[in-house]
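Undergrad: Here are the chains, one letter per residue:
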Amino acid sequence: MTDQELYAAISPMAEQVLQIERFDNTVTMMSTPSWDSLTHIQLLCGVERQFGIEIDGDDAFRLTSAEKLVKYLQSKINQ
Amino acid sequence: MNSLSLLPHQQSERPLDLPYRTFLDLLRAKAELAPARDFLIFPESGRTYTYEAFHALAVATADWLNAHIVPGGTISILFRNAPEFLAIFFGAVSHGLTVVPINPDLAAPEIRFIVENSNSTAVFYDPDLSAKLKTLETEMIPGVIFIPVSDVDDLPKVDVKAVEARLPRVDPTMPASIIYTSGTTGFPKGVVLSHMNFLVDGKGMADWFQFTPETRSLCILPLFHNNGLVVSLTTTLSAGGSVVMVDPKASLRSFWTLVERYHATFTSVMPSILAAILAFGFEGKPGYLKGIICGGQLLPLSLAEKFEARFGVPIFEGFGSTEATSYSSFNPVQVNKRKLGSVGLVMPISDMKVVDDQDVEVPDGVEGELCIRGGNVAIGYHNLPGLQALRFRGGWYHSGDFGLRDKDGFYYFRGRKDDLIVKGGEKIYPAEIENVLSQHPNISESAAIGVDDPILGQEICAFVNLKDNGASSEAQLLSYCGKSLARFKQPKRIVIINRLDDMPELPKGPTKKILHRELRDYYERRLANSEDPEGLKWVLGSQGAG
Numbered sequence: 001m002t003d004q005e006l007y008a009a010i011s012p013m014a015e016q017v018l019q020i021e022r023f024d025n026t027v028t029m030m031s032t033p034s035w036d037s038l039t040h041i042q043l044l045c046g047v048e049r050q051f052g053i054e055i056d057g058d059d060a061f062r063l064t065s066a067e068k069l070v071k072y073l074q075s076k077i078n079q
Numbered sequence: 001m002n003s004l005s006l007l008p009h010q011q012s013e014r015p016l017d018l019p020y021r022t023f024l025d026l027l028r029a030k031a032e033l034a035p036a037r038d039f040l041i042f043p044e045s046g047r048t049y050t051y052e053a054f055h056a057l058a059v060a061t062a063d064w065l066n067a068h069i070v071p072g073g074t075i076s077i078l079f080r081n082a083p084e085f086l087a088i089f090f091g092a093v094s095h096g097l098t099v100v101p102i103n104p105d106l107a108a109p110e111i112r113f114i115v116e117n118s119n120s121t122a123v124f125y126d127p128d129l130s131a132k133l134k135t136l137e138t139e140m141i142p143g144v145i146f147i148p149v150s151d152v153d154d155l156p157k158v159d160v161k162a163v164e165a166r167l168p169r170v171d172p173t174m175p176a177s178i179i180y181t182s183g184t185t186g187f188p189k190g191v192v193l194s195h196m197n198f199l200v201d202g203k204g205m206a207d208w209f210q211f212t213p214e215t216r217s218l219c220i221l222p223l224f225h226n227n228g229l230v231v232s233l234t235t236t237l238s239a240g241g242s243v244v245m246v247d248p249k250a251s252l253r254s255f256w257t258l259v260e261r262y263h264a265t266f267t268s269v270m271p272s273i274l275a276a277i278l279a280f281g282f283e284g285k286p287g288y289l290k291g292i293i294c295g296g297q298l299l300p301l302s303l304a305e306k307f308e309a310r311f312g313v314p315i316f317e318g319f320g321s322t323e324a325t326s327y328s329s330f331n332p333v334q335v336n337k338r339k340l341g342s343v344g345l346v347m348p349i350s351d352m353k354v355v356d357d358q359d360v361e362v363p364d365g366v367e368g369e370l371c372i373r374g375g376n377v378a379i380g381y382h383n384l385p386g387l388q389a390l391r392f393r394g395g396w397y398h399s400g401d402f403g404l405r406d407k408d409g410f411y412y413f414r415g416r417k418d419d420l421i422v423k424g425g426e427k428i429y430p431a432e433i434e435n436v437l438s439q440h441p442n443i444s445e446s447a448a449i450g451v452d453d454p455i456l457g458q459e460i461c462a463f464v465n466l467k468d469n470g471a472s473s474e475a476q477l478l479s480y481c482g483k484s485l486a487r488f489k490q491p492k493r494i495v496i497i498n499r500l501d502d503m504p505e506l507p508k509g510p511t512k513k514i515l516h517r518e519l520r521d522y523y524e525r526r527l528a529n530s531e532d533p534e535g536l537k538w539v540l541g542s543q544g545a546g
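Just so you know, the protein sequences line up as chains A and B, in that order. Residue numbering for the first sequence follows the working numbering, starting at 1 and increasing by one per position. Residue numbering for the second sequence follows the working numbering, starting at 1 and increasing by one per position.
I should point out that these hints are in silico values taken from the structure, not numbers from a laboratory. Any given hint could be a false lead.
[To be verified] Computed list of lysine to any residue pairs in SDA-like fashion (alpha-carbon distance at most 25 Å, straight line):
#1 K76(A) <-> F42(B)
#2 K339(B) <-> A206(B)
#3 K132(B) <-> K76(A)
#4 K492(B) <-> T28(A)
#5 K492(B) <-> K76(A)
#6 K417(B) <-> P454(B)
#7 K407(B) <-> P454(B)
These figures come from a predicted structure and were not determined experimentally.
The shape of chain B in the complex, shown without the other chains (with noise of 0.2 Å):
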């Protein structure tokens, strides 16, 4: 694999371990080293897939979708945590399309953008999603098909062999995906990830956590985020072993009954996850849960403390993005040589520094922006030059995260350069609200801030200036970001500062840019303790909090 043409930040000082070249030279080994062994587990549907009968449905859905789309070509999909996704995944993968996941709950005009952005040809979807679909499939740009599928175990049979040696060849550094994240400008980014990206943060994972054949995962993230498609799915793979596939959205109140129902040894979590877990009660045994893989936000060391206290399950934090395929550092798989508070070591697959404004690398100790070099690393962004240039320079990610490195050589996490808000493991920029709500009629200006939450990390809160104080109430407004934005990135609160004493126009700088840390000391001197989060105390009422 030594010959692959490997951009500058993807060359790293340590071997590339790359043992298979694509998604389906993976799939094929391990069908054949163990055709009968479980793959995928679908509960709620009942639905299992040994190796042997995945690796024949994607070969199918490749040579199924041959009769659509041309190899080369980008396509998007909408589903859950279904095997519909992951079939048409793998499918689509072996076939040389490049994937778009996206996340089915963002509003029509988010999704529009993503297809039109990636040039995608064609979108498969849920059937369910068929009345927000709608209206986009008749107004979409011309050349764009969609194709609802409810079923892929209805697809033909094929022979297996004969389809694969007409596929086309797919090289490892190709794209195999588009991961869209949030962007600072207010539209969303597609981060170009190749096979070989897939594959090599895959097995670094699975190395790291010793995972073998007997490893089972609990995949209760969903599959249109990384952490979901690599941590639980390609990680597990790597190792030949089984992964237990859940809807998200239905899976918190059943954790513990999923991990000791189906005999879990992993998971993969947000922070997020184990505080509501606590902050509801649910009470469960770790059973063969040998640890919880722990990432995408910030985890405070009182909740990590408070959780391993409770139930005995060690977490494992490490760093990572979107732009690195998912993780580079973690904690050691040994529990007692692990850092509680730092996102650990950087695994044998990358190279991890940290530097100064100047790109010097700084001592340890010194706090500075954490940067990644490796086999891990993306192609880059899609069609996005300048930022490419700024992102990926001097043959370095460079990841906008600060933090430092000890003398042991665990990294730390210390925050964003810029005022990224995490919720719930997701990303949203403030501009992405302000974008919508400087469209309003009656608002002038806008600016969004990250407060504290108990449960998801943050939430979204958004100041706004009204032209006609008396024309726009916060629940009209809040109605209306409701319908250009998806949930998760909808504010809970908005404040109106015409109706406030102490803050007649949003705090600016020199150059008239509004100052958002000014904002967030504003709401927390002023504002937070006034929050009143019924829905949490509404369901609290009858579980007892943790």
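Chain A extracted, bound-state conformation (with noise of 0.2 Å):
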């Protein structure tokens, strides 16, 4: 998938679980107040279950924007 796909296919979950209008590679969680410890979960919970993957505390903690997001599903998906 490319980067575009992947966004695509958050998109929805991402922008419902953050309530954002948009969830695109200018989001971070430094930017958006909505994207707390809590929202963090339910937003790696989504992710894990649309992509059948586990993401462990080691890589959880550095996921804090959309481009690492996604930087990082491509690394999962490529494996």
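Given two chains presented individually in distinct reference frames, assemble the corresponding complex, making use of the accompanying hints.
TA: Below you can see the structure in the form of structure tokens.
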């Protein structure tokens, strides 16, 4: 999948969880007040379900932006 | 240090233990003692600073600030738990500046209030916040400059000794920071803390918990709050240990991984974090973790017992407030001497007492207001002389927290005298929410209360009376709040009382003051069980509830 395809796949769930209008490569945890500790868990759970992967604790705390999340997904999918 | 000019509420019966005068003195001493020892570890970015490296960075930052800001002024900073926060904080206080850390999640009007109220002349911020701060930058009062800082490692290297020789002399009783906390009027109040406050409290806790250079603290609370800045950072610095810094918003799910991977020996949390770890069923091994420091909101005894039984890590509950820098009392570090449910014994840095309405100390076992004095007690409030006189009177800081002391000297926290809401450790006065709601054109009056929440301790429910019953929905009102209030202050639920059968108007006392307690009773009786915590269920569906 390309980055664009990944954004398209994640966006509906991410926008619902974070209650934002658009989940794109400009979205970061820092710039999005609704991306808090609980919605971070929701977001990662949603991604795990959607892609059938498991995000371990070593990675979960590093996924602090949309860009990092998509990059991470690329690496998991291409493994 | 006995020559220090202490305020009446900073004078304790116990001797002041202040081996270093300022943050920079403390940092320099530790850097000289163990230059190659790791001080700050940032797992997300992979950056690690030894004591020597961070000392050099702090001095280089002080030198850089010298080009922008005149010593003696105040600056605001908006960063997450990143090297930029700490470099600018240490650089600024070494340069004789007062630093105002601001929660980056605050709404733009809230940030503006703090910047203006603190008389900040500059705002240093994470570039990720540019969009939010852009409007402030153009509207802000003249004279305030906004400076984005993306990487302090890019600062030019300096001759540390030469720069230090040029830095202004900083007195330990000078303000180092103004920390803003919620205020009863709805506007945040600035608590002014000196270098002495931070260093006394930090050393007091380091001694209490027997921290050593081998101590490794895991900091998962934000540095813009004193719990992160003092309990995790200053305390560990006092002992010459190391601190693992993680973004608080991203750390919860990785809690046990971080504990294990970085060999954390201590961490500091809010009770809501313990509740979340249990509720989400996050499993892990404590590894080297000797204890968890916990406070900031009421810790339910059942939660503490359940957490300890499940993970085998002792929880050390304490009592404190921003006005006392952070903690003043703790349970003993000897696990079997703790009293679960108590906030412990007063630390040797302070005196504590319990008083009645006439400020007379009450006997052990009798409930009253908890008062503190000592070297960790703040200078006072920023530009609030009335409140200063009220809360710092008779040589004691009157906390507004109620509790008692038992015959063994252990203190117990029972609750607040006022209607303060504590949500996930964040303190929010109802007036902050009510002030925003009252500006809505269709709301005639409103009241906000704290209601029980299984994870956060409390959530916010607002009751509103509409001028035109049909003209506004709950969703519209919630959306309206989102424009002016930080997310953590936004009500989870808004109840339109025009649509209630059994409460035609907000309950009021003889002076027409709204009775928040009656609203809380009403909520418990009629509305609590009708709430559906969808967000939590959504997560628990895949994680399994503990």
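Undergrad: Given the hint that K492(B) pairs with K76(A), test it: the Cα-Cα distance must not exceed 25 Å.
TA: Violated, because 36 Å separates the two Cα atoms, which is more than 25 Å.
Undergrad: Holds or violated: are the alpha carbons of K76(A) and F42(B) at most 25 Å from each other?
TA: Holds, because 24 Å separates the two Cα atoms, which is no more than 25 Å.
Undergrad: Is K132(B) close enough to K76(A), meaning Cα to Cα at most 25 Å?
TA: Roughly 33 Å separates the two Cα atoms, so the pair is violated.
Undergrad: So if I understand the rule, the pair passes when the alpha-carbon distance is 25 Å or less; does K417(B) with P454(B) pass?
TA: Given pair K417(B), P454(B) holds - Cα atoms ~23 Å apart, limit 25 Å.
Undergrad: Are K407(B) and P454(B) close enough, with their CA atoms no more than 25 Å apart?
TA: Distance ~32 Å between K407(B) and P454(B) Cα, so the pair is violated.
Undergrad: For a C-alpha distance cap of 25 Å, please report whether K492(B) and T28(A) respect it.
TA: holds, 23 Å
Undergrad: Against the 25 Å threshold, does the CA-CA distance of K339(B) and A206(B) hold or violate the hint?
TA: Holds, at about 20 Å.
The structure does not agree with the numbered hints 3, 5, 7 stated previously, though it agrees with the rest.
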